[in-house]
Amino acid sequence: MRRISAEKIIAAVSELCIDSNCQLNEDLIVLLKKSQQREKGRAKRVIASILENIKIAERERIPICQDTGMVKIFLEVGYNLKINFGKFSSFSDIIQEGVRRGYKDGYLRKSIVNSLSRINTKDNTPAVIHEKIVAGNHLKIKVLIKGFGAENMAKVRMLPPDSKEKEIKMFVIDSIKEASSNPCPPVIVGIGIGGTAEKAASLAEEALLEPVNEVIAKPKAVAISRSHSEALAEESLIEKFEKELLREINKLNIGPAGLGGKTTALSVRIKTFPTHIAGLPVAVNISCWANRHKEITL
Amino acid sequence: MKIVTPLERKEIRKLKAGDEILLSGVIYTARDAAHKRMVKKLPFDLRNQVIYYTGPTPAPPGKIIGSCGPTTGYRMDPYTPTLLRWGLKGMVGKGDRSKEVIEAIKRYQSLYLIALGGCGALYSQFVKRVKLIAYPDLGCEAILKLEVKNFPLIVGIDSYGRDIYK
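First to last, the protein sequences are chains A and B.
Residues in the first sequence are numbered from 603 upward in steps of one, following the working numbering.
Residues in the second sequence are numbered from 36 upward in steps of one, following the working numbering.
Calculated directly from the structure, the hints in this document are not laboratory data.
The C-beta atom is built at its ideal place from N, Cα and C for all residues, glycine as well.
Warning: the hint list may mix true and false statements.
Not everything, but these chain B residues come out facing chain A in the computed CB check (under 8 Å) [claimed, not checked]:
hint	residue
1	T92
2	P93
3	T107
4	K129
5	G130
6	D131
7	L157
8	S159
9	C175
One side only, chain B facing chain A, incomplete, derived with CB under 10 Å [what the hints assert, rightly or not]:
hint	residue
10	W121
11	G152
12	G155
Next comes chain B alone, as it looks inside the complex (with noise of 0.2 Å):
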């Protein structure tokens, strides 16, 4: 199943976890020391969007990223019920949430998407554009707007709050 962003409620609606979709459009990425900042103040207009959990390698000559594979979620959690709050609809990681982040996905009707661990070379493939759009102090944290084709991912958890690995 193939999903632009913005991700449009209608879309999400339709998406059940362990359904298997390729996103492409524009995603952010953001890990642990960009959470802690964003929750303070937004850098960016999150309504709609997707934060993609992720912190790659420096981009070889040549290439415009390297390796992009998604980070473990849960470190997440403090934050994203507030991200979620603010307008956040989509994001990227691997591993479980907590029950918290579970009811805040069911709450503002958003999704949790996986990645597999460990395969940033493959998903590098996929990131057509990159820019740096805030935190550049934060080096591989600082947060990328990314533009991606065909990204292949699996509905974690869905806007009705059942759960991949429950």
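So that you can see chain A by itself, here it is in the shape it has in the complex (with noise of 0.2 Å):
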């Protein structure tokens, strides 16, 4: 049994908050550089501005983006690691904490409000979790930050089961179109298939923490009990599916900041979970350029 202090955890939630919100990833810089180098005119002028914004925000450590958005956190919890609570009673408080101390420390915006009230909570809690208990005596923390300008054009649909492919295209394209401008493209579209509706959509959620560089080595079909080649096959008609998706986003002529170019999408990464045999669950979750989100393994 390992042990680790609430205030460990509390640090790195609170660092990855902060972290994530002032640089991005390096895959998605490679990826920006590359859709410059395709785009010219407008298009061209405004990847430099993005580039040039993260240069900015890493140098001077402010946030890329002034929506600093909700906080949605992927736990990796090794059922062998002890928790110290400390004074917290659960292990969502201090999580929270975290993401509390975090929002303060790194000067970011508070943007969280209750529901109906609409007053804000004043320090950017609560952060949505999930939690998984996996063999092992770590715990793997995921930060992802979601600015509302995409989180606003998320969707769920339930299908009728003999949907094919095309539908689900058809679907998902709709669902980039409507946005349009709107999610701040160059996007990148996390789409997740099957399950029922809530798992569909933390599916394509999840999808939008995969790598964005186009090589992805690791099967994303959810492979429980499934024999091997099953998975293998569903991973194939992902892979296939992704790259078509991809293509015909970018034929939308969005384009970067939605004025018209090639580039719309940047990836495309789908998730997908076995379901019934009555319905086929599709979900869309769009995340900005800036798709924000860093990991630790403690």
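Starting from two chains that each stand alone, build the complex the way the hints lay out.
Laid out in structure tokens, this is it:
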């Protein structure tokens, strides 16, 4: 049994919140630079401004975007890890304290309000937390910052069970078209297929945490006691479908900042899960170009 | 093209959708919650002024403002025609606007200017002065009077109703 203190977790969450807001992951910057080479005219100038913005944020350690978002946290907790709660009464309270500290110390915007009264909680909590218990004695923390220009464009649809890729594609393309310039293109598209309504929505969200470079090694179909060949078959379908969707989306000419161009999306990532014989839930979650996420294993 | 605030009719009429401009002078921040209040009672003289749809991050030590990029314009659509009728001449935001707003922009000969979404760190460099003037209780949604210099913008909807997104 390994022990970890609440303070160590709080410090890590706080740091991840600040880092995610001020610095983009390298794979995304590489993709943006590639798209700059592809574009010309206004689209090229927009990407140049985006890249300059990223540089300034990193240099001055200020947020890339003033919408420092709602925080989503994905946890993998090893069951051989003993957390010393100290004064906290729940694991979730420890994580929320980390968010609170990060948003205060990092001079990040507090954008969270009570849903009906619209009264601000003043510390950007609560974050949305997803927990998974796994083998081991580690704690993996992933932080995803979601601005609401993009989050407002998320969609879930329950398609009929006989729907094929064509129907899924139509739903995705329509969602991107409707979102247009609002989610700050070039976007990253996360798609969840299968499960239930809420499972599809969270798969779409998790898809945004995937690396965005073109080659991905690890399997994305959620393998739970399914045979290896089944998982592989699903995997190759996913990869093909991701490429096809990216191509189609980039034909829409929404372009950087919605002002036209070849790059409407930088990356499309799909996650699937088995579903019921009577339906096919599909969710789309869009991230702005500033897909801000960081992770750490303690 | 260099443009200064308060906006003059002559200057507004010269601009067309797609023009890239550098804006200098005073602009006022206001987003969702501030708009909701403003249409009941104005906290400052709107005539010929420019509103920037932004809610900046808190200023870190040694800086006057944090990150301050544009928020999505369409959420302000229900309030915009009223503010234009009261003399507002320019708005800075991102994303497209409703048919009613485009009509009102045309009728009151005003401008919708576009800043690039997500580029808040970049835009903070053009802000030279900041003063809180209304609704401090709204936190990041309070109204700030900003003095900006050569703030780069694109004309999104011009005073003739031409729309860059169309």
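Hints, one by one, checked against the model:
1. T92: Holds, about 4 Å.
2. P93: With a minimum Cβ separation of about 5 Å from chain A (threshold 8 Å), the hint on P93(B) holds.
3. T107: T107(B) check passes; min Cβ-Cβ to chain A is 5 Å, inside 8 Å.
4. K129: holds, 7 Å
5. G130: holds, 5 Å
6. D131: For D131(B), the interface hint holds, since the closest Cβ of chain A sits about 6 Å away, which is under 8 Å.
7. L157: holds, 4 Å
8. S159: holds, 7 Å
9. C175: holds, 5 Å
10. W121: Status violated, d = 25 Å.
11. G152: With a minimum Cβ separation of about 3 Å from chain A (threshold 10 Å), the hint on G152(B) holds.
12. G155: The hint holds - G155(B) has a Cβ within 10 Å of chain A, the shortest such distance being about 4 Å.
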